Amino acid sequence: MARIIRNILFYALAVVWAIPLYLLVVNAFTSAERYGGAPSWLPIGFGFFDNLATAWTESQLGYGMLNSLLYASVSAGIAVLAAGMAGFAVVVMPVKRPTVWFWLVYLGTLLPLQIFLAPLFSSYVSMSLYDTNLGMILIYSAICVPFAFFIVRNYLTTIPPEVTEAAKLDGAGWARLFRSIHLPLIRSSLFAAFIFQFTWVWNDLLFGITLTTSPDRRPVMAALAEIDGGFSTFGPPVVLAAAIVASLPTVVLFLTCQRFFVSSLRAAR
Amino acid sequence: MGRGFIAMALLEKQRTEAGAGNPRPRLSLRTKDRLSAVPFLVGPVALVGVMLLVPFVATAYQSLTDDDGFTSSFIGFDNYVALLEDPTFVRSLLNTLLWTVGTLILPVGIGLLIAVLTNAVPGGRWLKYVFVLPYALSGTATAVIWGFILRSDGALNQAIEFFGGDAAASGWLLTWPTNTIVMIVASTWQATGVTVILFMIGLQAIPKEVVQAGELDGASGLRLFWHVILPQLRPVTIVVIGMSIANSLRVFDLIWLLTKGGPGAASETLAVTMYRQTFILSDYGAGAAVAVVLSVIVVGASWFYLRHQYKRG
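Listed in order, the protein sequences are those of chains S and P. Going by my numbering, the first sequence opens with residue 35, and the numbers climb by one from there. Going by my numbering, the second sequence opens with residue 2, and the numbers climb by one from there.
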């Protein structure tokens, strides 16, 4: 009896969770012209690509996708490299007061993003970084360093100090040590941090709407937010189709790299 | 995604576990070696310093001025006093509290339930992806989907009418506190995935002998869960709860797209209030004060919670 209740509870919750996903797909595939003004629960026609074409031309979703691809891959790459170097310095090298350096780099991820926004906006405007690719790459790189640094640092502390000592005895310099010994050893944690931060940048809305405005500069979520604002003009099928395409890269990344997401989160256990 | 909280939790754990002694063995300090760290640190520290730490200090200072984008003069704590007298700020604080309590109960409770049942229910291993998948969606995409459901001509009202019910004519997003509650539900839909993942990691880590010993003592079902499994999940529960608190305090995308904080400022949380004060009203001083209050709450709550939890454990 308890088992039946238990199963019913689980399946009921699964249905509740599946309904929004189901409605998303069905209505995104419904053609916009034949959409009757009320949500459809069964597919009518096949208008997915027409809907997408509307989103592409009306709000330049394509630009948003390309921009976000640029911002997310370059920024996550820079952040991971910077995090690797800082982690190496703090954990492996004999720096004075490693804790102070640690907190200096790490503080950024504790604070809510709102605390950075206004000064960034005004200095971006006065330094002509507002609404530029460079400006977006800079802020996204910086915001991704602290947590990537944290993941990498934890991984580095598991490498026995004897490795470093042996290499130093063999006469290797720090740069050489970093490049040929530690970098290969921490490769998997760098990759995990990269995936995690790529997803973060791709999904960001706040910096996108604050620091960019033109369609060929803004990231994908800012474009999607604008399409969402035109809900009644374009019709729900267009907006939902755009949401699917904008989400697809990170959903695929998440499902294929689940192992790495888990290892980032696992740091918590 | 609660990145800050995860990291803070691990640090606190390491600190309590390591105790006072046993610092990690370090290589000897020679002046030449000390300087050799500079090339490794200068890039990352400059990036974080210029892009994050300087703006942080600038915001803290700005909160003590009456900056309106054109002129600015020092006014001490007037902005903070004005906030306390502003009913929309008090409402915003109340909404932030609602979000915190709501996301504490819903994603954590449901996530634990799903994680525990996944291995017991037939087909659970595959059905769990229904819960995990929304976690990969952005706040923006979640808002698009739930806007479609919650609008006055949306899917929820349609379903209510289909079953002969009386649908709310105004939709779900136009009256308080209904709008805040339905947005917490939307956020739960998106955020439960990560709590499921974390609780499943926690469940896998429980030694089989512990469960078997409990079974030998005659515990089963709910009793086994309550007295044997739940205590074993304590470390992961600390992290999940703390992460939910930190996330709920930062929620922005969902509210901004679904209600813009409205009607009026009825459904604003602190994160939204800061944005409106700064970028819509151009009241930089007041916006900065809200940002500082939010930061103090986020950092303070995480720190207090962790110290308390690990001291007890």
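Everything labelled a hint here was simulated from the structure, so no lab data went into it. It should be emphasised that the depicted structure is a prediction, and the values quoted were computed from it without experimental measurement. Every residue, glycine too, gets a C-beta built ideally from N, C-alpha and C. Mixed in with the good hints, there may be bad ones.
To give a feel for the contact side, a few chain S residues facing chain P, derived at Cβ under 8 Å [what the hints assert, rightly or not]: (1) V59; (2) G96; (3) L145; (4) P153; (5) A200; (6) T244; (7) T247; (8) G264.
Footprint (simulated), chain S over chain P, 3 or more residues, beta carbon under 8 Å [stated by the list, open to error]: (9) 73-83; (10) 125-132; (11) 292-305.
For each hint, the structure was consulted:
no., hint, result
1, V59, "10 Å, violated"
2, G96, "17 Å, violated"
3, L145, "5 Å, holds"
4, P153, "4 Å, holds"
5, A200, "12 Å, violated"
6, T244, "7 Å, holds"
7, T247, "12 Å, violated"
8, G264, "12 Å, violated"
9, 73-83, "violated (count 0)"
10, 125-132, "holds (count 4)"
11, 292-305, "holds (count 7)"
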